[in-house]
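Participant: Last residue of the sequence shown: 565 (the working numbering), numbering continuous.
In case anyone wonders, no lab produced these hints; they're calculated from the structure. Check the hints yourself; a few may be wrong.
The list that follows gives simulated cross-link-like pairs (lysine-lysine, BS3-like), each with its CA atoms no further than 30 Å apart [claimed, not checked]: (1) 560 x 530; (2) 560 x 547; (3) 547 x 530.
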Amino acid sequence: MILQPLVPIDGALPGPVLAEIATLYSTNHAFFELSGDFPDPDRITVEQVATALAGELAHDSAEVLLARSAGRLVGLAATLAQAPADDDPDPWIGLLLIDATAHREGYGRTVATLVEDRFRAAGRAGVRIAVLDNNPKALAFWQSQGYVTLRQAKDRELGRDCTVLRKPLEAP
394 MILQPLVPID GALPGPVLAE IATLYSTNHA FFELSGDFPD PDRITVEQVA TALAGELAHD
454 SAEVLLARSA GRLVGLAATL AQAPADDDPD PWIGLLLIDA TAHREGYGRT VATLVEDRFR
514 AAGRAGVRIA VLDNNPKALA FWQSQGYVTL RQAKDRELGR DCTVLRKPLE AP
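All chains should be modelled from the sequences, with the hints used to inform the complete structure.
Facilitator: Shown next, in the form of structure tokens:
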């Protein structure tokens, strides 16, 4: 599996890649029902995905990484190398999204590990993620990957209840 940074060309995302990402988002209607990120999770449009990705990439130090296996887009990770809060030294995984037709095939674990490896190689001591409290499957996934609960909080974007977790990144 490879991770490729999503790079806008002249400020826009390439149409074919955007269509692939929109398809990936559309397979995850159950997650988007929980998150409330889209008005109709059963009808996520390319335009809505473009807007969501632009929002992710608008943050300083943000990166959207596309995960491909045998050329197929199987997932993406949105990360922040620098947390918005000055007192937070860790980078964040803002979103890990795996094609729902390929859930439970190990892609989530692999993508999470590759993201952690990128931060580890950059000398980072840990990584954080906020998991929506109404998503117990996601919480169980991250805990199974070695993430430990730090605190309860509201997410910065929509004020949703979430659990903030952290994983130390020791050198291999």
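Participant: Holds or violated: residue 560 with residue 547, Cα cutoff 30 Å?
Facilitator: This hinted pair holds, its Cα atoms lying about 20 Å apart.
Participant: For a C-alpha distance cap of 30 Å, please report whether residue 560 and residue 530 respect it.
Facilitator: holds, 18 Å
Participant: With the threshold set at 30 Å, check whether the alpha-carbon distance from residue 547 to residue 530 stays at or below it.
Facilitator: holds, 19 Å
Going through the hint list in order, the structure satisfies each hint without exception.
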